[in-house]
Structures are given as structure tokens and as C-alpha cells.
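**Q** Protein sequence lines, in the order shown, are assigned to chains A and B.
So the first sequence is numbered by numbering that gives the first Met the number 0: it starts at 0 and just counts up by one.
So the second sequence is numbered by numbering that gives the first Met the number 0: it starts at 0 and just counts up by one.
If you are wondering where the hints come from, they were derived from the structure by calculation, not from laboratory data.
Since the model is a prediction, treat every value here as computed from it, not as a measurement.
Please note that the accuracy of each hint is not assured.
To be verified - On the chain A side, residues computed to face chain B include the following (Cβ under 10 Å):
1. T272
2. I275
3. E283
Unchecked claim - Under the rule of at most 25 Å between Cα atoms (straight-line distance), these lysine-lysine pairs were calculated in the BS3-like manner:
4. A:K369 with B:K104
5. A:K336 with A:K369
6. B:K36 with A:K288
7. A:K376 with B:K36
8. B:K130 with A:K336
9. A:K429 with A:K367
10. A:K376 with B:K130
11. A:K77 with A:K160
12. A:K336 with A:K346
Where a beta carbon is used, it is the ideal one built from N, C-alpha and C, also for glycine.
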Amino acid sequence: MAEEKHLFSKILLTSAVCTFLFGVFLLASTYYFVGYSVANSYLLILVTLLAIVIFFSLCLFLIWLDLRPLKYLYNQIKSGQLANKTQPLQVHSTDEIGFITEYIDRLTNKTLQPKVQTATTPGNLIVPVEEMRHTLSSLSDGVAILDSASKIIFSNPVFEKLTHFSMSEIVNKPVDTVLRFQDQTGHLTNFETLYSTIFVNLDGNVHSGQAINIIGKGDVKSQVSISIHKLASNPTAPIYFLILHNLTEEKIFQQMQIDFVSMASHEFRTPLTSIINYLSVLNEEARSKLDPSQQQLLDRASASAQQLSSLVGNILNVAKIERGSLTVALEIVDWKKLVLDVVQDNKTEALHKNITLETKIPENDLPKIKADPIRIKEVLNNLITNAITYTREGGKIEVGVQLTDHQILTYVKDNGIGISKEAIPHLFTKFYRAPGALAQMYKGNGLGLYLAKSIIDLHHGKIWVESQAGNGSTFFFTLPTEEAFSQTPTIVELNKYSNIH
Amino acid sequence: MDNQPPVTASTPNQTKNIVIIEDETFIADIYAREFTKAGFQVKVANDGPSGLKLLTEERFDILLLDIMLPGMHGLEVLRQWRIKNPSSNMPVLLLTNLGQDEVIKEAFNLGAQGYLIKSSYTPQQVVAEVKNALSGQPPKNPIPAS
Numbered sequence: 000m001a002e003e004k005h006l007f008s009k010i011l012l013t014s015a016v017c018t019f020l021f022g023v024f025l026l027a028s029t030y031y032f033v034g035y036s037v038a039n040s041y042l043l044i045l046v047t048l049l050a051i052v053i054f055f056s057l058c059l060f061l062i063w064l065d066l067r068p069l070k071y072l073y074n075q076i077k078s079g080q081l082a083n084k085t086q087p088l089q090v091h092s093t094d095e096i097g098f099i100t101e102y103i104d105r106l107t108n109k110t111l112q113p114k115v116q117t118a119t120t121p122g123n124l125i126v127p128v129e130e131m132r133h134t135l136s137s138l139s140d141g142v143a144i145l146d147s148a149s150k151i152i153f154s155n156p157v158f159e160k161l162t163h164f165s166m167s168e169i170v171n172k173p174v175d176t177v178l179r180f181q182d183q184t185g186h187l188t189n190f191e192t193l194y195s196t197i198f199v200n201l202d203g204n205v206h207s208g209q210a211i212n213i214i215g216k217g218d219v220k221s222q223v224s225i226s227i228h229k230l231a232s233n234p235t236a237p238i239y240f241l242i243l244h245n246l247t248e249e250k251i252f253q254q255m256q257i258d259f260v261s262m263a264s265h266e267f268r269t270p271l272t273s274i275i276n277y278l279s280v281l282n283e284e285a286r287s288k289l290d291p292s293q294q295q296l297l298d299r300a301s302a303s304a305q306q307l308s309s310l311v312g313n314i315l316n317v318a319k320i321e322r323g324s325l326t327v328a329l330e331i332v333d334w335k336k337l338v339l340d341v342v343q344d345n346k347t348e349a350l351h352k353n354i355t356l357e358t359k360i361p362e363n364d365l366p367k368i369k370a371d372p373i374r375i376k377e378v379l380n381n382l383i384t385n386a387i388t389y390t391r392e393g394g395k396i397e398v399g400v401q402l403t404d405h406q407i408l409t410y411v412k413d414n415g416i417g418i419s420k421e422a423i424p425h426l427f428t429k430f431y432r433a434p435g436a437l438a439q440m441y442k443g444n445g446l447g448l449y450l451a452k453s454i455i456d457l458h459h460g461k462i463w464v465e466s467q468a469g470n471g472s473t474f475f476f477t478l479p480t481e482e483a484f485s486q487t488p489t490i491v492e493l494n495k496y497s498n499i500h
Numbered sequence: 000m001d002n003q004p005p006v007t008a009s010t011p012n013q014t015k016n017i018v019i020i021e022d023e024t025f026i027a028d029i030y031a032r033e034f035t036k037a038g039f040q041v042k043v044a045n046d047g048p049s050g051l052k053l054l055t056e057e058r059f060d061i062l063l064l065d066i067m068l069p070g071m072h073g074l075e076v077l078r079q080w081r082i083k084n085p086s087s088n089m090p091v092l093l094l095t096n097l098g099q100d101e102v103i104k105e106a107f108n109l110g111a112q113g114y115l116i117k118s119s120y121t122p123q124q125v126v127a128e129v130k131n132a133l134s135g136q137p138p139k140n141p142i143p144a145s
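Given these sequences and hints, build the entire structure.
**A** Structure (C-alpha cells):
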């Protein structure tokens with residue numbers, strides 16, 4: 000550092016000049032007061048020069064002593080050690096240099112306590128500065144911080160609301176002594192298991208998005224999506240951030256949506272039934288008086304009204320599934336007749352597209368099955384309608400029935416556009432539409448197969464699909480025979496909300 | 000409609016009297032048209048109390064009864080009529096919407112024979128079902144097993 004060298008040399012020069020002038024002054028005074036003859040003595044000159052040297056050396060030593068910390072700082076900065084140091088600077092000085100050293104220490108040494116307000120909680124976490132606390136407290140999700148022994152050392156108001164505890168009731172207590180976690184299967188688990196087993200398949204330190212129930216004060220249960228963030232800056236004492244996202248409120252909101260759609264659909268249904276019925280009467284009474292083009296208008300109006308009616312019916316059924324109130328009224332059903340009836344209902348539509356609609360049903364009698372004829376007709380109808388929709392003109396559809404071990408297998412096989420491998424796992428999901436179906440503007444609302452699966456589930460059956468893009472699709476479903484059905488526990492729930500008309 | 004003979008399944012050739020209690024006037028109107036066309040004598044009531052009044056004042060061969068009615072619930076109409084006519088064998092068919100299973104069960108306890116889902120039946124099918132019920136055949140939608 001050029002300035003420092005300059006500083007040293009300046010001090011050196013000044014001291015030397017001062018000392019020299021002091022010596023000259025001393026010598027001159029002696030001549031003046033004592034006389035030239037005495038002053039001419041060599042001894043006097045020698046003593047004066049000696050005094051000058053001693054004085055000068057003493058000066059230099061004292062200056063060096065005071066400037067030594069400056070030299071040390073200079074070396075630290077120059078060698079680059081200042082940025083990586085782990086110890087405070089070795090300067091013990093109370094003057095200006097000491098002040099500057101302490102200031103540099105504060106700027107560079109992170110291990111030192113900052114001279115700003117901190118709060119230390121019983122769990123020994125240096126809780127973030129007040130701003131951090133405010134930030135956590137104002138989040139809309141519940142947040143708690145646990146120390147390495149899973150003691151709660153901080154919780155925000157939303158966390159307290161979700162668990163019904165106040166912070167003073169839970170702080171410094173192991174989380175498992177105040178809260179219980181219940182996974183989706185209803186099993187109770189502790190924090191450690193939750194962290195290590197439920198989230199084991201996820202990488203890194205952030206585990207998020209598991210839906211669980213958290214049971215707090217007074218056994219009040221809240222459904223939350225839980226995320227756990229492990230902060231392991233000190234590997235022997237990691238801390239955990241628990242973030243709870245309230246799903247109960249989301250569910251209430253979803254329920255409101257469903258209720259609204261359900262109510263609206265219900266309101267559509269009555270006028271729609273009138274339209275369909277009037278069209279049906281008109282068709283019967285006036286068809287013969289209409290010319291073919293007018294008859295076509297009437298047919299199109301009827302078909303559109305029927306389409307809307309089935310959409311409204313599907314929406315109402317989905318609303319019921321969401322409420323858990325979809326029911327089936329089981330009775331003994333002549334399966335062969337039912338299948339033939341549904342196929343017959345779809346003959347006209349198939350004929351319009353020049354599609355062959357065939358059946359392959361065993362000649363001999365089938366065992367009795369228990370089913371809800373209206374609901375199961377919806378399933379079969381949905382599958383056949385889909386097959387007609389996704390099969391090109393001139394194609395072929397086969398509806399078959401086979402008897403297997405204690406169950407009746409029914410299938411709808413087409414040689415249509417098929418389903419891509421990627422789409423198959425999602426087919427029975429609500430509102431799912433295969434990308435190809437969307438791109439090619441096929442009609443549909445993504446509810447039919449979801450409903451079909453729900454209805455087949457209620458019948459203790461199974462539904463699946465085998466398909467290849469471009470090579471047609473076959474939808475299968477099984478229904479247990481009456482004998483097999485009566486041996487399985489009933490899952491048909493009575494409709495608590497059946498007064499919604 | 001005075002002096003109606005008692006309803007039995009063995010009188011298929013006589014003009015049948017039907018009462019339709021349905022608050023949706025268009026639906027009631029369509030059914031009334033179809034039944035008139037099919038040779039029925041038709042009376043319509045658009046709310047619960049006037050329906051019950053009709054049932055008390057006149058005799059009918061068959062009743063088509065909606066459930067959600069203004070003034071008085073369809074089940075209440077049935078209950079009050081049943082109290083006054085405990086031994087009547089007049090067939091009762093409910094006009095329902097899907098999902099009214101509990102109501103349907105209760106109605107069967109009060110002597111209803113079957114139910115028709117309005118949105119799934121054409122007027123012609125409703126007439127066919129009524130004729131079925133009058134001829135003593137089992138209804139298409141009988142009481143669900145409880």
C-alpha cells in the first residue's frame with residue numbers, strides 16, 4: 000500500500016528533521032550561554048550527537064509501536080485472508096485504529112453476533128430478525144419450526160388456528176406430544192415416521208404436498224397438505240420447517256362449486272324435459288305432415304335436446320359422486336335383454352355413420368346378476384356412444400358378453416382411431432379428454448368414462464381398456480353374478496342428500 | 000266420474016280416469032295430451048293441496064304423483080289420502096327425478112307401486128307404463144330392495 004509507505008517515510012523524515020533541529024538548537028544554546036572555548040570541546044559535540052541518536056531511536060520505536068496494528072491490517076487485507084477468516088482480527092486497541100478494526104470485523108466476520116435485535120427462544124434457535132418473524136406470521140399457510148429434537152420453537156398464527164393451540168401451549172414441546180398426524184389410509188403416525196417414510200421417495204431436503212389429517216387440541220381434525228423443509232446448515236442439529244396448507248377450506252370451496260353446478264343443472268332439467276317431450280309429441284303427431292327436410296330439422300332439434308339432457312344428467316351424477324351420494328338401486332337384471340336393448344337404441348346413430356353394430360352374446364342362459372338397470376344402461380350407452388364417435392364411417396363395433404368365473408364380462412370393441420398409450424392411464428379421470436380427441440374436435444365432456452367407472456365400482460365390478468393408437472379400442476367391464484355379489488360386502492351407501500331433486 | 004266402478008285389473012275396456020299432480024305446467028300438459036289421446040279421462044292439479052282436494056272429491060283409476068310440489072310435499076299428499084282411504088287399491092306411480100331414492104322408499108311404504116323418471120321417459124313411455132300398471136302387471140321400476 001503506497002500510502003502507508005509514504006506515511007511511514009513522512010513520519011521518519013519529520014522525526015529526523017525534528018531531531019536534527021533539536022540537536023542544532025541544543026548546540027547553539029551551549030555556544031551562546033557557555034562560550035565558544037568550552038563549547039569547542041569535542042566531548043560536548045559527541046554528547047550532543049549521542050543524545051540525537053538516542054532520541055531519534057526512541058521516537059522511531061514509539062511510532063512503530065503505535066502503527067503496528069495498521070501494518071497488521073495491511074498484511075491481512077493484502078494477503079486476502081480477511082474474506083475467509085474465522086477468527087476476529089488480533090487487534091487490541093482502543094484508539095481510531097481499534098475502532099476501524101472492529102468495524103472491518105463486523106463487516107466480514109459472520110460468526111460474530113450482529114449488533115441488531117435478535118430473540119433467542121428456549122429451543123436455542125437464534126430466531127430470525129424481527130422482519131423474518133413478521134413474514135412468517137403473515138403467511139396464509141401454517142408454519143412451525145422444529146429443532147433437531149423435533150421440539151416446536153416457533154409457530155405462526157395460521158398454524159395455531161389449524162391446530163387450535165396457542166403458541167405458549169406448544170412452544171418447546173416435542174411435536175408428537177401435542178399433535179398427531181393421520182395419513183390418507185387413516186393410520187396415525189409420528190413426525191419422524193412421517194418425515195422418513197411418507198416422504199422417502201422424494202429427493203432433496205424439501206418434501207411437499209402430502210395430504211394428511213392433523214389432529215390438534217381437543218382432537219380437532221384439519222385436512223392439510225403438509226410440506227417439510229429440513230435445514231441442515233448444522234448437520235448435527237438440523238431444524239425443520241413444517242408448512243401446512245389448509246385443504247378443509249379448499250374442500251368447502253369445491254363443494255360450493257359442485258352445489259352451484261348441481262343446482263344450475265337441476266334448473267336446466269325441467270325445461271329441457273318439456274322441450275324433449277314436446278318434440279316427441281310433435282314428432283309423433285305431425286311427422287307425416289312434414290316434408291323430409293322439415294323432418295330433418297325436427298330430428299336435429301330432438302338429437303340436440305337429448306345431447307344436452309345427457310350432459311345435464313352427467314353433471315348431476317358427477318355432483319353426486321363428489322358428494323359421495325351416488326347410489327345404485329340393485330335388482331335382478333336380465334343381462335342379455337338389457338345389452339340387446341341398449342344396442343338397439345344405438346342402431347340408428349350407428350347407421351347414420353354407416354357403422355356395423357354387432358352383438359356376440361352366448362346362446363344359453365346367463366347367470367342372474369344384480370344391477371341398477373338405469374345406471375348400468377348409462378355405462379353401456381356411454382361406451383357404445385364413444386365407440387360410434389371415435390370410429391370412422393364404415394367401421395365396425397362389436398358388443399360382446401362372456402361368462403367367466405363368477406362374473407359376466409361385457410365388452411365394446413371398435414376398429415376406430417384408438418387411444419394413445421399416454422392417454423390410457425387418465426381415461427377414467429374426471430374431465431379428461433385424450434389429446435387426439437380434442438385436436439380432432441370430437442364431441443364429449445370428459446365425464447362419461449369417469450361416471451362409468453364410478454357406477455361399475457358401485458356394482459363391485461371392474462372396468463378397463465385395451466387400445467392402440469390407430470388400431471381401435473376395446474372397453475371391458477365385469478359384473479359379479481348374483482351369487483358372487485351376495486358374498487361381497489355391500490358398499491352401496493344410502494343417499495343422505497336424496498331430497499335434492 | 001261419479002258412480003265409477005271399483006278399480007280392478009279386469010276392466011281394461013272402460014275409460015280410465017287418471018289424475019296427474021305435477022307443478023310443472025308444461026310437463027303436466029304434455030302428459031295430459033298423451034293420456035287424452037290414449038283415451039283417458041284426465042284431471043290435472045298443479046300443487047299439493049288442490050291435488051289432495053281432487054283425490055278426496057273424485058274417484059280415479061290411477062294417480063301420477065310428482066314429489067316436489069308447492070303447498071304440500073307429494074309424500075304428504077299420499078300420506079293424507081292413505082289415512083282416509085286405507086284400503087284403496089288405486090295404483091300410484093311417482094313422477095321423480097334420479098336420486099330421490101329415500102323418498103321413493105317412503106312412498107312405497109305408503110302404497111305406491113312404481114316410479115317414472117321424468118327426464119328418461121318419453122310421454123308415450125309414460126302412457127305405456129300407466130297402462131301396464133292398470134292391467135296389473137308389475138311396474139318397470141318396482142320398490143328398491145331395502
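**Q** For every hint, state whether the structure bears it out.
**A** Quick rundown of the hints versus the structure:
no.: 1; hint: T272; verdict: holds, 5 Å
no.: 2; hint: I275; verdict: holds, 8 Å
no.: 3; hint: E283; verdict: holds, 7 Å
no.: 4; hint: A:K369 with B:K104; verdict: holds, 19 Å
no.: 5; hint: A:K336 with A:K369; verdict: holds, 14 Å
no.: 6; hint: B:K36 with A:K288; verdict: holds, 18 Å
no.: 7; hint: A:K376 with B:K36; verdict: violated, 30 Å
no.: 8; hint: B:K130 with A:K336; verdict: holds, 22 Å
no.: 9; hint: A:K429 with A:K367; verdict: violated, 31 Å
no.: 10; hint: A:K376 with B:K130; verdict: holds, 24 Å
no.: 11; hint: A:K77 with A:K160; verdict: violated, 56 Å
no.: 12; hint: A:K336 with A:K346; verdict: holds, 15 Å
Going down the numbered hints, you'll see the structure goes against 7, 9 and 11, while the others check out.
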